[in-house]
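Protein chains: 4
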Amino acid sequence: MTKQIAILGASGYTGAELVRLIATHPGMEIAALGANSKAGQSMARVFPHLRHLDLPDLVKIDEIDFAGIDLCFCALPHKTSQEVISALPKDLKIVDLSADFRLRDPADYEKWYGNPHSAVELQKEAVYGLTEFYRDEIKSARLVAGTGCNAATGQYILRPLIAAGVIGLEDIILDLKCGVSGAGRSLKENLLHAELSEGYHAYAVGGTHRHLGEFDQEFSKVAGRDVRIQFTPHLIPANRGILATGYVKGEAEAIHDVLAAQYGNEPFIELLPMGEVPSTRHVRGSNFCHVGVVADRIPGKTIVIAALDNLTKGSSGQALQNANLMLNIQETEGLMLAPVFP
Amino acid sequence: MTKQIAILGASGYTGAELVRLIATHPGMEIAALGANSKAGQSMARVFPHLRHLDLPDLVKIDEIDFAGIDLCFCALPHKTSQEVISALPKDLKIVDLSADFRLRDPADYEKWYGNPHSAVELQKEAVYGLTEFYRDEIKSARLVAGTGCNAATGQYILRPLIAAGVIGLEDIILDLKCGVSGAGRSLKENLLHAELSEGYHAYAVGGTHRHLGEFDQEFSKVAGRDVRIQFTPHLIPANRGILATGYVKGEAEAIHDVLAAQYGNEPFIELLPMGEVPSTRHVRGSNFCHVGVVADRIPGKTIVIAALDNLTKGSSGQALQNANLMLNIQETEGLMLAPVFP
Amino acid sequence: MTKQIAILGASGYTGAELVRLIATHPGMEIAALGANSKAGQSMARVFPHLRHLDLPDLVKIDEIDFAGIDLCFCALPHKTSQEVISALPKDLKIVDLSADFRLRDPADYEKWYGNPHSAVELQKEAVYGLTEFYRDEIKSARLVAGTGCNAATGQYILRPLIAAGVIGLEDIILDLKCGVSGAGRSLKENLLHAELSEGYHAYAVGGTHRHLGEFDQEFSKVAGRDVRIQFTPHLIPANRGILATGYVKGEAEAIHDVLAAQYGNEPFIELLPMGEVPSTRHVRGSNFCHVGVVADRIPGKTIVIAALDNLTKGSSGQALQNANLMLNIQETEGLMLAPVFP
Amino acid sequence: MTKQIAILGASGYTGAELVRLIATHPGMEIAALGANSKAGQSMARVFPHLRHLDLPDLVKIDEIDFAGIDLCFCALPHKTSQEVISALPKDLKIVDLSADFRLRDPADYEKWYGNPHSAVELQKEAVYGLTEFYRDEIKSARLVAGTGCNAATGQYILRPLIAAGVIGLEDIILDLKCGVSGAGRSLKENLLHAELSEGYHAYAVGGTHRHLGEFDQEFSKVAGRDVRIQFTPHLIPANRGILATGYVKGEAEAIHDVLAAQYGNEPFIELLPMGEVPSTRHVRGSNFCHVGVVADRIPGKTIVIAALDNLTKGSSGQALQNANLMLNIQETEGLMLAPVFP
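Chains as they are written, first to last, in our numbering: chain A, 2 to 343; chain B, 2 to 343; chain C, 2 to 343; chain D, 2 to 343.
All clues given are correct.
No distinction is drawn between identical chains; accordingly, a pair holds when it is met within one copy or between any pair of copies.
Straight-line alpha carbon distances no greater than 30 Å define the calculated DSS-like cross-link-like pairs of lysine-lysine that follow:
id, residue 1, residue 2
1, Lys112, Lys189
2, Lys39, Lys189
3, Lys189, Lys61
4, Lys250, Lys222
Calculated directly from the structure, the hints in this document are not laboratory data. All figures in this text were calculated on a predicted structure; none of them were measured in a lab.
Could you build all of it, start to finish, from the sequences and the hints given here?
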């Protein structure tokens, strides 16, 4: 039976990406689209690329009747998200794409996001949405917290290595290159085309990016001790894509073996043959993540690289993958779209 | 029953786009991939974005056993295409994406392409593949000639207007803006990123672009007299997309009415409300074509604009749409993917 | 003796471009930079690419002492500009880059810009800043009104042809392709990189673009009768550049001859050999304008194309060229920088 | 007296960039342009952006009369360069932009470039062209070897720190992001716009990039012991720019102090205030290099970042700076052009 879906925050890029993916999903139907600032408009006006679809108009969130809704995606800004979700029916299945339920410790949340958490009970209930590592918990969860897009990319390469103990924990460096859409559709001077095109730079340098909260939490958990990595994101003049270059101390063969064992049966994580490296252009618009391993010329040092699409595998595709699990639909349903190249 | 598909010329962009679309088509299976220059390589090596698919390796075309093949897409260069197709089984259904069978008159072919046609009998048999206008012929055709990508775009806006007699035939101007992938994957200095990015220019100015052969043929046919338009393509620094700006003499209301009647039931042609204009970004990666009509401030003059993705609706998507018809599959199967934005 | 220069509106793109050009101008020195919204900041903070220069900080406009200023560039929004300039010393030489003094008839101004003109006396005094056609008036002007960037480009190809009577006046079409920086540094959703990159579209279709006011005024003036052209701008994903494709009725040879005579001695207008076409990439960052002429296959029709950089020859370079004339400096001083390619 | 200049390899991007810079250099005149593959063509045909200049046509290199030439820039491919320079007059001043004379040890050259060196005597004579560190030697040199563009960028941040002993030598990581023009104008599938635009990837991963030969040589020299760093370049969809992100062990304050002392009087190296980071967009088209230092949240770790334009400060601008020194012209002459933004 077709599941009825609501999307809150449908006027942003992750909301539109959810609609794009669900449009060809045989087991889901979009029943409500919430977007307070653009309420009253048709989706065709807000996102003309979706005009061929028969979609409900955007409405204010409190106008939505959640009675017949099977699952609700929440693609709202952090802080707003926890307030909105607190007011939703307590038995509604929810996949949240904001940062509000990613960190388990309220103190960590306040440290990284600057405001105290107002829905601590929900935070306890939430399951961290990194599908490949929390699959069983997600299947039975009511509230799943989508990961940060950078946090997902970094974990795909580092998490299994830390868990397996094949790399040193002291000098891990993650140098990320992120596409522009990760910053969302907000009006900021530094996101204008004329500012960004043909140039690139690092930001949040020195360990201030909020996704570090997730790295600290998850890497420390699997290591059984505190782990702190260095993480530098860079903004690249491309609309989609995250490329994570990880510098680790460990043997390339052992690292490749661990990743092969981890991802051998995963439908969306493609480990490349030893020595090959991924490119963001080869995952664009898809739910796939490509991972490569190369030994450095200096013995004992290895470079591990992952590429994914921040809007798909990094957020909305991951959210749909988790929703499939929560609704007992085949995990890959609606997500096997091939990347768009060129 | 799943249809067995062969693709010749699979190492080019239109070949890759066919694979991308067929990958999620429930009624087709790729049985053979031909590409002489890269024969012996895996598709994952030639197009890493397709590495998640279980595809046959590339082989030389004469190594393919066509016995079990239901339909063959031929995405080869013109001239090569007519030679290869001449050697294929005479009962094999074929969708050709080259220019070889678009023009009915061999003299026209030689005039525009510079070489005499070597398969005149096939040329007679071929049906012109502009689906919305040749649907019935395509259903029963053995050999369908895919249109030029610019030729399709221009016809979507001008053809119904010429046929309906609502525009003057003397001063039609078509100013096109084309993405880079339309030029294919060939090694030319003027296709390098460093040459193209951040700049744009007109080419084939003055009426020398080969797709004019199609405009002349088709517009004259529907007008019942010789029609010659002006056509200037421009190369734009974007990978996908064609935007056609048509300047015509006629009343905007009458023009919009004709287009509404023509496309009201078409699954892929979206006529925008009067006064709205399309953008290539809203059709990227999809089989949709958006059409807009705006009255000029000068009475009696109207601007008609179409946007489509040259690799999808302009070539490989059109080819698949035609193949569906030829194989008695639902016309939209595998083609309802929403555009990728941003 | 070095001339003292003030720039009002220095935090926008045309302001920054003025600073870039004046930085290597041997006869000018920047004495004051006004920008109300960013007053108090250093230019290095607002435009880090200018950090190597020894520049005054940004100040509020009413804090500037104009006593020692020889010439003031005014790069403010329209409407603001006429208010600010009204309050400046009456003997100060001014080059205004806004739209406020381009149209001679206050009724025309109100029609195109929506507000009544509040400085009609200044409007009468202003000289239209299309250097190649108003050179003598500019030399002795106190207030010069910089042209619209699109208006300059279109006039470079059409104005001499209309004046010489070598083209028909009824069916002139100007199809423009504009880079993103022409829209300035304002915060609009449709100027975000994620919205613009990899897509393009027409805007202000049907004769609503404000630069038509300039075309109407100037073309009617040189024709000695009312002339109304069709003009459709398109937004292209590139930061700089305007490409104007003009469709006219007239003989290509005669047209080329008129342009050769007009521009033979001009330092910045380069007429290409018959049949060659310009590209925006070949004028980027420079004050040059390249012009090409091609005969259409239809007898009596010709395509004329111009390319220039909207921020340089289209606005700030033009402004500096005019300032040189007003200050009795060699016209080309500071403007012979070669284009930046690639 | 104006110096007479020859440029060999003028049909490539670094050759064109030399012409662009010299075009406004008051003390130099281009007397000969050599380019074997395009000999006989005008520069305006090969590089239309230079059409406003009065330049000699391209000729075969052996047709150039070097009698009146004061200095010759050699912008040829490596291996070709050593052959050509061997045949030039022995007293001709030469700035070579190839890799042929960067490495002092012929065995190092053969190891990194794959062929034995055929001009070992010239190699001994050559001075390494990193201006800020070899200024005195360059002033009196006859043959200066331009550095690799990546090698220059990396040295600007790491070299003074290694020399001063303020960073550890064991775990230095250099993660570079390079624009497309660094790969030159050669016809390779992976340099096509449709391949590169909107995607990015690492290449030469694991320590195989040839510029490591320069890092090894120079860093070991200043350290007084063998130093081997990790170096991973990434190809970014932008035409110009190198951004080098260096990860070092050392105190940020000490590092900033060393760089301030090193570059305080340098005309082209701009050290940003502590905590600020550079962007390639702010040096585009200029000879400036911006350097930033940020302390990591992990004590004792620091990120040092440099941005420059690979075609200007990374190659042709550096070459002209060195030529000025060799010809006893002011070092900054012709090089103070402000960056082009946006």
